[in-house]
Amino acid sequence: MTIFLVRRTLIAFLTTFVISIIAFLAIQLPPGDFASVYIQNLIGGPTAPSTVGNLVLEEQLRAELGLDQPQVVQYAKWIWRTVRLDFGTSIEHSVKISEVIGQRLVNTVFLALGTIIFTWVLAVPIGIYSAVKHNSPTDYTVTFVGFLGLAVPDFLLALSLLWIGFTYFDISIGGLYSPEYLEASWSFGKFVDLLKHLWIPAIVLGTAGTAGLIRILRNNLLDELAKPYVVAARARGVPEWKLILKYPVRMALNPFISTLGYLLPFLLSGSVIVSVVLSLPTLGPTLLRALIVEDLYLASTIVLMLGVLTVIGTLLSDIMLVVFDPRIKIAE
Amino acid sequence: MTDTRDSALLSINGLKVHYPTDEGVVKALDGVSLDILPGQTLGVVGESGCGKSTIGRAILQILDKPGRVVDGEMMWNARESGGQTLDIAIQNPDGHEMRAMRGGDVAMVFQEPMTSFSPIHTIGNQMSEAILLHQDKTPAEAREWSIELMNMVGIPNAPQRFHEYSYQLSGGLRQRAMIAMAISCSPKLLIADEPTTALDVTTQAQILDLLRKLQEEQKMAIMLITHNLGVIAEMADAVVVMYLGKAVESGPVDDIFHRPKHPYSQGLLRSIPSVQAVGHEKLPSIAGSIPHPFNRPSGCTFGPRCPSFMPGACDASVPRYMTLDGTRQKVSCFLHHPPEEVEEVPSDD
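As you go down the protein sequences, you meet chains U and V in turn.
Residues 111 to 442 (this note's numbering) are what the first sequence spells out, left to right.
Residues 18 to 366 (this note's numbering) are what the second sequence spells out, left to right.
It is possible that part of the hints are untrue.
Here are the simulated lysine to aspartate or glutamate pairs, EDC-like style, with alpha carbons at most 16 angstroms apart [stated by the list, open to error]: (1) K356/U with E334/U; (2) K187/U with E174/U; (3) K82/V with E334/U; (4) K352/U with D111/V; (5) K82/V with D333/U; (6) K154/V with E165/V; (7) K243/U with D111/V; (8) K337/U with D81/V; (9) K337/U with E165/V.
Just so you know, these hints were derived from the structure itself, not from any lab.
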């Protein structure tokens with residue numbers, strides 16, 4: 111177990127290092143850089159003709175920002191700062207990156223957690239019920255609603271909820287905090303306020319995931335329910351509900367544990383549009399904006415952070431799998 | 018006949034189990050009758066699909082969906098232990114009585130010891146589970162009792178094995194653990210469904226020895242379901258031969274092996290390879306194959322494959338399952354019917 115942990119942790123560090131290089135380089139792949147985009151916007155949009163004067167200005171700006179140096183040097187400087195948790199300054203906003211993303215990262219994590227909890231709390235019991243009572247009217251109803259949930263785009267759901275809230279209840283859905291808590295520091299009151307706002311985006315973002323999870327869990331469980339160990343447990347008199355939870359459900363959940371790590375980045379990239387529609391202060395819109403204006407440091411910091419969170423998530427889910435499934439140890 | 022039924026531990030009468038499917042009803046059991054006597058071994062033989070495993074599951078009411086008992090009775094005689102006679106066939110499968118019976122009075126050993134244990138729970142966890150369900154013991158006592166049982170069935174290093182998983186044990190040890198679990202609550206009836214089929218021959222012999230030894234010690238009845246006539250000859254006191262969801266012949270093991278009456282039993286016994294055989298004689302086999310479940314022959318279901326088929330009788334009505342005069346054998350065949358009954362008008366069956 112110790113060897114396993116040490117090995118996995120080392121691999122995690124290595125993976126993070128590779129991610130940082132790819133993140134930094136990939137963001138510079140599109141033509142131009144922050145300087146060219148900035149000047150272009152100053153003189154009136156992408157179609158305005160560039161002049162010699164502009165180009166000189168652009169070069170000056172580039173030199174000022176250090177963007178004229180070789181990429182290796184830029185990367186080395188950036189990563190050296192980053193490992194000391196000094197993420198530098200956003201080129202566009204001229205403020206510390208930690209300030210730009212700090213609160214948003216917290217919001218994103220809360221939103222993701224809220225969505226995951228919503229998805230699991232709803233999907234696991236429904237999935238189990240639908241497998242145990244498969245081909246019953248309830249199962250067919252759940253399947254139908256589930257497919258509907260899978261098919262409806264989440265931004266459409268968000269728009270509909272906005273409209274319903276505004277038309278019928280005269281409330282504005284959106285955001286994650288009430289105005290009075292927006293700038294307040296963390297307190298119990300702020301947390302409760304967050305929970306009050308969180309459930310709507312959690313439902314919007316979680317619907318498709320819930321429907322998918324129900325389907326997968328139902329099918330996994332149907333496979334397991336017919337296995338001899340279930341019949342054997344039944345033959346020794348274990349009560350039915352206890353039997354189903356203890357044996358086949360535990361087995362059917364294993365594949366989900368291994369995918370926990372990918373949930374966070376999946377939710378983030380999936381939530382960009384919803385976050386824009388519902389004006390949620392999460393990382394998604396910030397990343398989108400940073401990529402459009404080619405704010406190199408802000409964008410690569412966000413991508414790197416997501417990478418780190420994914421690596422940590424995967425590491426945790428690997429460890430959980432080893433804990434939950436004794437068969438994995440012998441394979442190590 | 019009445020005397021055996023009264024002394025029987027379990028008396029099954031006209032049991033029918035049907036599986037309604039989209040294509041039609043599969044009659045897995047189509048009126049089976051048999052008696053299991055206390056402390057004795059009843060061998061149930063037949064080809065695959067004859068319904069022999071279904072009987073075992075019906076007794077525990079753990080039939081796979083959508084199968085259910087549609088007719089017949091299964092009288093469980095609990096008088097010896099001070100209880101009432103209970104008709105298992107009419108019990109609610111999820112009811113208290115059935116749950117107390119499963120793993121308590123009636124325990125089961127399965128064919129596949131590998132897949133019959135959960136791969137992610139320890140052997141000890143699953144053994145203790147059965148003990149805690151049926152006995153008033155603390156987890157620590159259940160653990161002690163499990164280890165004692167494991168010693169009893171010849172599992173070396175029991176305290177260590179208790180914490181191991183099924184994949185860490187060999188096939189023979191797994192089946193021993195399965196048996197230890199089955200006897201943990203001193204059942205009166207042990208249903209062994211092909212207990213040695215998945216094991217190699219040496220291990221088979223060891224497991225059969227173990228079952229015999231435990232039967233002597235625990236005074237339990239064993240219902241041994243198998244397609245292996247050798248196993249039956251070695252273990253059983255009485256035999257039931259099944260064909261297509263029906264018992265076609267039953268009786269004491271010596272009578273069945275030396276004086277089989279039903280053409281199907283005769284065919285089965287002829288198809289055992291003999292050690293004395295010389296040269297390269299072809300092993301006799303029963304002609305034809307098992308009919309499709311939705312397309313059963315009328316009259317005697319064995320008719321189309323029977324060497325002694327009598328047109329006008331065997332395809333017209335179903336022979337009665339009855340005791341032969343002067344023997345303890347029961348058979349369902351027109352060859353052994355009293356003459357006046359052969360010409361009987363066809364029944365609706």
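Each hint, compared with the structure:
1. Only pairs whose Cα atoms come within 16 angstroms are accepted, and K356/U paired with E334/U is accepted, the gap being roughly 12 angstroms.
2. Restraint check for K187/U and E174/U: satisfied, since their Cα atoms lie roughly 15 angstroms apart, inside the 16 angstroms limit.
3. Pair hint K82/V plus E334/U holds up; C-alpha atoms about 14 angstroms apart against a cutoff of 16 angstroms.
4. Under the criterion of a C-alpha separation no larger than 16 angstroms, the hint pairing K352/U with D111/V is consistent with the structure, at around 12 angstroms.
5. Between K82/V and D333/U, the direct Cα distance comes to roughly 14 angstroms. Compliance with the 16 angstroms bound is thereby established for this hinted pair.
6. Taking the CA atoms of K154/V and E165/V, the gap is near 14 angstroms; set against the 16 angstroms cutoff, the hint holds.
7. Only pairs whose Cα atoms come within 16 angstroms are accepted, and K243/U paired with D111/V is accepted, the gap being roughly 15 angstroms.
8. Taken as a hint, the K337/U and D81/V pair is honoured in the structure, with Cα atoms around 11 angstroms apart against an allowance of 16 angstroms.
9. A hinted pair counts as satisfied when its Cα atoms are at most 16 angstroms apart, and K337/U with E165/V does not qualify at roughly 29 angstroms.
Violated hint for the displayed structure: number 9, the only one.
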